[in-house]
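**Student:** If you want the building blocks of each chain, they are given just below.
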Amino acid sequence: MNPNLTRVTGFVGFALLVVLVFLLPEWISTFRAQQFAYVGIYLIALLGLNILTGYTGQISLGHGAFMAIGGYTTALLMAGNEQFGQEGLLGIGGGMKDVWTIPIAGLVAGLFGLAFGLPALRLSGLYLALATFAIAVALPSVVKRFEEFSGGGSGVNLFGLPELTAGIIPVDIAGRELVFNDWLYYLCWSIALVLFGIAWLILRGRTGRAFRAVRDSETAAVSSGVSLAHYKTLAFGISAAYAGVAGSLFAIATTFVNPDTFPIALSIFLLVGVVVGGLGGLSGLVVGAIFIQFLPLWAQGEGVASRLPGFIVDRTKEPGAPAIIYGIVLILLMFFLPNGVGGLFRRAGQTLTRWRYSRSG
Amino acid sequence: MVAAAFADFMQQVVSGLASGGVYAALALALVIIHRSTGVINFSQGEMATLCTYIAWTLTVNHGWSYWPAFVATVGFSFLFGVVTHRVVIRPVERGNVLRVVIVTIGLLIAINGFVVWQWSGEPQALASPFGTDTLDIGGVIVSVGDIGTIAVTIGIVILLWLLFQFTKVGLALRAAAVNPNEARLVGVRVTWMLALGWGLAAVLGAVAGMLTAPSVGLDPQMMQPILIYAFAAAILGGIDSPLGAVVGGLTLGVMLNLIGVYVDFVGAELKLPVALLVILVVLLVKPSGLFGRPEVKRV
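Residue numbers (the numbering used here), protein chains in the order written: chain S, 1 to 361; chain H, 1 to 299.
Treat the hints as calculated values from the structure; they're not laboratory data.
Remember, it's a predicted structure, so these values are computed and weren't measured experimentally.
For each residue, glycine too, the CB sits at the ideal point set by N, CA and C.
Accuracy of the hints is not assured; some may be wrong.
FRET-style restraints, in silico, Cβ to Cβ [unchecked claim]:
no.	chain 1	residue 1	chain 2	residue 2	range
1	S	H230	H	R189	40 to 48 angstroms
2	S	L352	H	V216	55 to 63 angstroms
3	S	S358	H	P225	53 to 61 angstroms
4	S	I173	H	P225	45 to 53 angstroms
5	S	F294	H	D8	39 to 47 angstroms
Partial pick of chain S residues on the chain H-facing surface, computed with a CB cut under 8 angstroms [unchecked claim]:
no.	residue
6	P119
7	R122
8	V142
9	M334
10	W355
All chains, full assembly: derive it from the sequences and hints.
**Tutor:** Here is the structure:
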C-alpha cells in the first residue's frame, strides 16, 4: 500500500475519531457517557500493552498489576493513608487534586515497569507471560497483607472527597456545566487521544523500528546494533506508564479502589482486547476497548439471551449464560479474525488502494 | 516435647505431600500439553472442574458409588480432551502462540460459565472414597484420605510412565512431541497424537479434581488456585520435564504447607504469593527449572 496514502487515511481517520469523540455526549445519556469513559480508559491501557506485546513481542498477562499501582497512587495521594495508621516514611497525607495525581500515577507505574523490565530481560514468550501472570495474581493478597499502607481489603474510598473534581457539584468548563459522568468522559478521552498521538510518535520513528526489530528477531536486532536490554526495558517502562495512567483514571471513575478493583480477570481482558484489536496496530485498539467494555454487558443483556434458543440459554438459570457466550465469541473471533480488527482495517485499506489505482491506471 | 513437635512436623509433611500430589497431577497435565503443542492450557483447571462435577452428579443424583463414577469420569474426561483439541485448538494451532493462549482463555471463561449455569455457584460436597479415618504411625497421625490421595497420584503417574515408555502409542506420542515433521514421515499420525495428549492431560486434570474436591469442597472456582500452584510446580520442575512436574508438585505442596504453618509472616493468606515468588525466582535463576533442558535457539 502506498505509504503516503496510508498516512493520509490515518490522519483523516484520527480526525474523524476526535470529532466523533467530542460530539458523542450530545447524543447519549450521562449513564452511557460513563460507560464510554471506561472505553477511553481501556484504550489507554491497550495502547500501552500493544507497545509491549504487539510491537516489541513481549507477552504480558499482568498489566492489571500496573493499573493497580497507578490506581493506588492516585487514591493514596487524594485520600492519604494516615487514616489507616501509617506514619513516617510511607505516610501520605493526601489532599491532592485528582487531575494532578494522574501524571504522578503514570510516572510511578512507569518506574515499576522499568524495574520489572530488568529481570524480565531473561524471559521470553510463555515464560514471561507466566511471570507477569504471577505478579497480577499475587498483587491482591499482597495489598491485603500491608493493611496500614493500602487500606487492606476494604480499600480506599474517594467518593465525596473535595479532591474529586465534579464529584458533588458540577464543574464549569468553557461555559458548560458538566456533571461527573460527562466530565469523566471528556477527561478520559482527552487523555486517551493525547496518549494515542504520543504512541504513534514513539512508534513511527527510530524507537518504534527498534521495538519491531526486537519482536521480529532478537538475534537479527542485536546484530544490527539494537540494544535488547535498552529497548525491552524501555518498552516495559512506557507500557507500564500507560497502564498507570489508565489505572489512575479507573480509580477516579469508580471513586474507590480495593484489591478486587484490579482482579486477574482485568489483566486477561486487556490481553484479549489487544488481540481482538489487532497486535501491532493502533487503530483497531478502539474496537478492542469497546469489546472489553461492552461484550460482557451485551452478553448479559436482554437482547442476546432471549433470542438464543432455549437449549443454549435457559432463562431460569441466568448466571453463567453470559460467560458461555463471551467465551464462545472470543474463540470464534480467534478463528475468523486471526489478526484482530486491525487486520480487517488493513485489508480494507489495501482493497481501497487497489481499487483506486486500478481505476486511474 | 521434641517428639511431639516432630510428630506434628511429619503430619504437616504428609498432608503437604497429599496436596502436592494434586498439584503434581495438574502440573503433569500442563507439561504433557506444553511438550506436544508448545502452549500453556489456561483452561486445564476448568476442564478438571467440569469433570469433577460430572463425577458428583453420578454419585449424588444417580446413586453410583465413588469408584465406578471415578472410572466413568476418567473415560469422559479423555474424550472431552480429545474433542477439545480436535474442535477448538487444532484450527488455531499454527501461527501466533498468542492466539492459542486466547482460545484457551476463551475456553476457561466458557467452561466456567457452563458449570455455573448447569450446577449453580453453590459449593457441593463430594464424599471422599477413603473415609475420614486417621492412622497412628509411630505417634504421627495421618489421615487415610491423604494417604489415598498420594497413592492414587503415584499410581496414575506410574501408569502414564509405563504408557509413554513401553508402548507403541507412547513412542508415537513422544515422537510427535519431539519432532512432528519427521514423525509424520515415518507414519505417525501426528494430529491424532496431539489430540491423545490433550485427552491424557484432561484425565490427569479430572483425577486431580476428584481427589481434591472432598477436602476443599466442590465449587466452580475450585481449581483456579490449584492451577496456579500447578504452574508454579511445572516451572519449578522444568516445564518440559514430566519427572520435574511430579517432583516440583510434591516439593511445592510440602514447602507451602510447612511455610504456612511455621512462618507467621506468611500464614494462610500469603501462601499464593509465595508460590508465585517460587515461579519468579526459578524463572530468573534457572529458567529451565530443576529437571528441564535449557532452551537452545537456532539462529
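**Student:** Hint by hint, note whether the structure agrees.
**Tutor:** Taking the hints in turn, this is what the structure says about them:
1. S/H230 x H/R189: 40 to 48 angstroms: holds, 47 angstroms
2. S/L352 x H/V216: 55 to 63 angstroms: Since S/L352 and H/V216 have Cβ atoms about 57 angstroms apart, the given range 55 to 63 angstroms holds.
3. S/S358 x H/P225: 53 to 61 angstroms: holds, 59 angstroms
4. S/I173 x H/P225: 45 to 53 angstroms: Cβ of S/I173 to Cβ of H/P225: about 47 angstroms, so the range 45 to 53 angstroms holds.
5. S/F294 x H/D8: 39 to 47 angstroms: The hint (39 to 47 angstroms, Cβ to Cβ) is violated, given that S/F294 and H/D8 are roughly 55 angstroms apart.
6. P119: holds, 5 angstroms
7. R122: Holds, about 6 angstroms.
8. V142: holds, 6 angstroms
9. M334: Interface hint status for S/M334: holds (5 angstroms vs cutoff 8 angstroms).
10. W355: violated, 28 angstroms
Going through the hint list in order, the structure does not satisfy hints 5, 10.
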